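S.K.: The chain contents come next:
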Amino acid sequence: MALLTPQDRYLDYLKIVADPDRMVPLTKLEFLNPNDTVAYVIDGNYKRRYGYFDSRAFIQDGALNISLNNGQRRAASVRFENLDNAFDFAINKLWFGRRVRLFKGAVLSDGTPYYIPQGVFYFNSPKTGWKPNSRTAEYQLVDKWAYLDGTLFGNLENTYEVKSRTNIFAAMQGILNLSIYDHKATSDYTKKIDGITPVFTDYYNDPKKVVVINGEEVQMNLTPKTVTTAMGGTYANVMLDLNAIIAGWIGYDSTGALRVDASADDIEDNKKPVIWSFTENSKTFFGLEETANPAQVYNDVIIWGESVDGAIVGARAVNEDPTSDTSVNRIGRKTFVESSEINYTNKQCAALAEWYLKRKTVLQKSVTISCSQMFHLRENNIISVLRSDKPNNPIEKHLIQAISIPLSQKGAMQITATSVQDYPTPKLIPLDENLLGGNS
Amino acid sequence: MATYNEAETIMRQLKPIINKCIENHPLVKSAIKAQKAVVQAAPDTSAHTVAIKFLPDLFNADIAPMTFPYNPNIPTGDLTVGKTVFVWYYQSLSNGVVMQNADWSI
Chain A
1 MALLTPQDRY LDYLKIVADP DRMVPLTKLE FLNPNDTVAY VIDGNYKRRY
51 GYFDSRAFIQ DGALNISLNN GQRRAASVRF ENLDNAFDFA INKLWFGRRV
101 RLFKGAVLSD GTPYYIPQGV FYFNSPKTGW KPNSRTAEYQ LVDKWAYLDG
151 TLFGNLENTY EVKSRTNIFA AMQGILNLSI YDHKATSDYT KKIDGITPVF
201 TDYYNDPKKV VVINGEEVQM NLTPKTVTTA MGGTYANVML DLNAIIAGWI
251 GYDSTGALRV DASADDIEDN KKPVIWSFTE NSKTFFGLEE TANPAQVYND
301 VIIWGESVDG AIVGARAVNE DPTSDTSVNR IGRKTFVESS EINYTNKQCA
351 ALAEWYLKRK TVLQKSVTIS CSQMFHLREN NIISVLRSDK PNNPIEKHLI
401 QAISIPLSQK GAMQITATSV QDYPTPKLIP LDENLLGGNS
Chain B
1 MATYNEAETI MRQLKPIINK CIENHPLVKS AIKAQKAVVQ AAPDTSAHTV
51 AIKFLPDLFN ADIAPMTFPY NPNIPTGDLT VGKTVFVWYY QSLSNGVVMQ
101 NADWSI
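Each protein sequence line maps, in turn, to chains A and B. When the letters of the first sequence are read in order and numbered with our numbering, they come out as residues 1 to 440. When the letters of the second sequence are read in order and numbered with our numbering, they come out as residues 1 to 106.
Worth flagging that the hints you see were computed from the coordinates, not collected in a lab. Keep in mind it's a predicted model, so treat the numbers as computed, not measured. Hints may contain errors.
[Unchecked claim] In silico DSSO-like cross-links for lysine-lysine, where the CA-CA straight-line distance does not exceed 30 Å: (1) K191(A) <-> K29(B); (2) K427(A) <-> K127(A); (3) K283(A) <-> K272(A); (4) K184(A) <-> K93(A); (5) K427(A) <-> K29(B); (6) K271(A) <-> K36(B).
[To be verified] Selected chain B positions facing chain A (Cβ under 7 Å, derived; list incomplete): (7) A7; (8) E8; (9) M11; (10) I17; (11) N19; (12) F54; (13) I63; (14) T84; (15) S94.
Even for Gly, the Cβ is constructed at its ideal location relative to N, Cα and C.
Looking at chain A on its own, in the form it has when it is part of the complex (with noise of 0.2 Å):
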């Protein structure tokens, strides 16, 4: 039966994918234009004749890492067999700015590929190896925050001023918009760091979400002081400064857009709902390692700032769940300190700290899962392992931090995980009370 309606062959892939006996896995690489349109693309097929336009190369290895950063989130390295050369590092086969979209997918029940996209990237480190019998080429491949820290292309010629009062994310989207030729912005989209538009969270666009700086109410998504990256510095220095006004989350998506999510909205993992469900009996599931790293777990976060007039600022975020196994009063008192002239109010220290604590404190419990190659789990989403290996077989939710996909035909996929049951619910103390107060 054919699948015609997106959602048909959708939910044909997660049967098809649930029973990986009858999955064919399959990876593709989309080779871009400048204007982001499909060039040529190669696959795991390697039975294409010479003579055709996309030569006699197929994707023979490789793996996907995705991890959850602020930053660069996807790294791929890829190995073509290279028969006739046309994956050579030089100009006129790859070179410099050539993007390729990489898709993983499955065959579905009625014979064609399903393919879900997974990054867009640039190639690095290009390593070529001729043997008597094969010729390969391998690369890196870096997503496009490659173009932004320096490692492909970035850095700043001059001191890159952001004024205060400027909107934030229109300053992120000028960034994008800068030419790579000589760093001035431009429509051409060719010419731009980036030219696909980014995705911003809405979240701080509320006019009632306003900070209050020496008596003026400020909007969020406006700069509250002047953000200023010396030369030599990068854009991605400019984007994780402006990021970290708002506390949120930057990076490349699966789609190769630039994302920005808000960190506030992501204090409540436990309500996300649950993209995967591993139970023992499944035949994704082959196994699960936990992790204990006791020193880095802290309970007690201060973050300090400092107020655009001056002002010390600050807050301090505890976890004093009782249904926390790492709260002071069980372990004792674990402070992390951190500051940064980039947090400006008390508010905006407390959502940082809200959200170290979050993270710091259950550290000590990280899943790696071995499981079938699956292709639509994403960082940041929420998966479940049925625990029928503990009394009373509690479903256990965690939080996917990275992934790591083979890019063969076989291969387990490992997905590292934190455990969302143990956030406890941090008991925020205001800086005056405490810190200064000495009030504990």
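Please arrange chain B on chain A, whose structure you already have, making use of the hints.
M.R.: Chain B only, in chain A's frame:
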């Protein structure tokens, strides 16, 4: 066995990460850095700010002068147009303060 080329590749990949770690080291992060600049306009004495351009920015006419607060104890003669001054900052240039005269000769 890893070859020299592989070691080179790994080193190249690790370099930005190591630089980031060094930058984020508490000692380096809290260190005060200084950058030379040239005064572009007479200081605004009510707002205690002065418009300056950093040295390499002088060669780029598209870069507008940037306004920074100045040290109240700096002699007024050091803030005249064309004088070279030091901007001190920690963590980020966003914290910069025009601190002192940079016309030193040793």
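S.K.: Are K191(A) and K29(B) close enough, with their CA atoms no more than 30 Å apart?
M.R.: 35 Å, violated
S.K.: I17(B) was flagged as interface toward chain A. Is the shortest Cβ-Cβ separation under 7 Å?
M.R.: Constraint on I17(B) not satisfied, violated at 10 Å.
S.K.: Hinted pair, alpha-carbon criterion (30 Å max): K283(A), K272(A). Please report holds or violated.
M.R.: 25 Å, holds
S.K.: Quickly compare the C-alpha distance for K271(A) and K36(B) to 30 Å and report which way the hint goes.
M.R.: Not satisfied, since the Cα-Cα distance of roughly 51 Å exceeds 30 Å.
S.K.: Do the numbers back the hint for T84(B), that is, is its least Cβ distance to chain A under 7 Å?
M.R.: Violated. Min distance 16 Å.
S.K.: So if I understand the rule, the pair passes when the alpha-carbon distance is 30 Å or less; does K427(A) with K127(A) pass?
M.R.: 52 Å, violated
S.K.: Next item in the hint list is E8(B). Is there a CB on chain A closer than 7 Å to its CB?
M.R.: At about 9 Å, which exceeds the 7 Å cut-off, the nearest Cβ of chain A leaves the hint on E8(B) violated.
S.K.: Hint F54(B) vs chain A: min CB-CB distance below 7 Å?
M.R.: 5 Å, holds
S.K.: Does I63(B) pass the interface check with chain A, least Cβ-Cβ distance below 7 Å?
M.R.: Given a least distance of 5 Å, the restraint on I63(B) holds.
S.K.: Taking 30 Å as the top limit, are the C-alpha atoms of K184(A) and K93(A) close enough?
M.R.: 28 Å, holds
S.K.: Is the straight-line distance between the alpha-carbon of K427(A) and that of K29(B) 30 Å or less?
M.R.: 29 Å, holds
S.K.: Grab the minimum C-beta distance from S94(B) to chain A and call the hint holds if it beats 7 Å, violated otherwise.
M.R.: Hint on S94(B): holds, closest Cβ of chain A at ~5 Å, below 7 Å.
In this structure, the hints that do not hold are numbers 1, 2, 6, 7, 8, 9, 10, 11 and 14, in rising order.
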